[in-house]
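Anchor point for the sequence shown: position 126 equals 115 in my numbering, and the numbering is continuous, going up by one each time.
Since the hints were made in silico from the structure, they are not lab data.
Among the clues, some could well be false.
[As the list claims (entries may be wrong)] Calculated pairs, DSSO-like style, for lysine-lysine (alpha carbon to alpha carbon, straight line, at most 30 Å): (1) K34 x K135; (2) K93 x K12; (3) K34 x K91; (4) K90 x K142.
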Amino acid sequence: MKCIVHLDIFEGPLDLLLFLIEKNEIEILNIPIAEVTEQYLRYIKLMENLDLHIASEYFMMAAKLLYIKSLMLIPRKSIDGEIELEGDPRESLVRQLLEYKKYKEMAIRLSDIFEEEANYISRQESNKRSDVPVDTEEVELYSLVKAFRELMKRAQAPEPSMDVFIDESRILEETELILKLITSETPMSLERLMRYYIHRDEFTVWKVIIIFISLLYLMRDKKIIVFQDSPYGRIMVRVRDGE
-10 MKCIVHLDIF EGPLDLLLFL IEKNEIEILN IPIAEVTEQY LRYIKLMENL DLHIASEYFM
50 MAAKLLYIKS LMLIPRKSID GEIELEGDPR ESLVRQLLEY KKYKEMAIRL SDIFEEEANY
110 ISRQESNKRS DVPVDTEEVE LYSLVKAFRE LMKRAQAPEP SMDVFIDESR ILEETELILK
170 LITSETPMSL ERLMRYYIHR DEFTVWKVII IFISLLYLMR DKKIIVFQDS PYGRIMVRVR
230 DGE
């Protein structure tokens, strides 16, 4: 009888730890460190047996878990002989996990915004008159969403406590800026457009979302054309003729 092993794709050691904690319905604030360490090491061993490449940070986390486990096993004695612990050895790890969990939840919310805005614009486009000429070189919405998802991975993480709110005035402000940028150099590649924000130290996940939605609005209003310079090539943006 064959044994089939399903391995989840993890973004890092904290992602694997969070998976194990949630899978076993463990409270993050009270991690049974011995149990979690054992399961974590078992997963690492499984990846090794399957000849999967394991990044060094996974082993660093394994060492950290073993260190915390050892501290949990050693009681501290005060002068009067009473046993006391000098703080909780898990505190730093718990803090990291809580921050990572907030960031991951934020990323899911932002991804949902991507989908909602893309679907909204797509529905509006499909409701327009069918006899309106379509530029054959325009990029498919799927390709644009895919490109922006890649940008999100490279962008700076938002503050975990940040509230995600789409402000129409922010969108309007961004669309005007994008039009100015691409009018001065048209067509402009998406990478070059993003370079402007990188130089201004504004390349954050939140900013990427705002830019994505702004481009969708400009496409909807027929002010710009987003296309690829070749099949599977760079995504380019240019002002429509007459703008």
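Quick check: which numbered hints come out false for this structure? Hint 1 is the one this structure does not satisfy, whereas the remaining hints hold.
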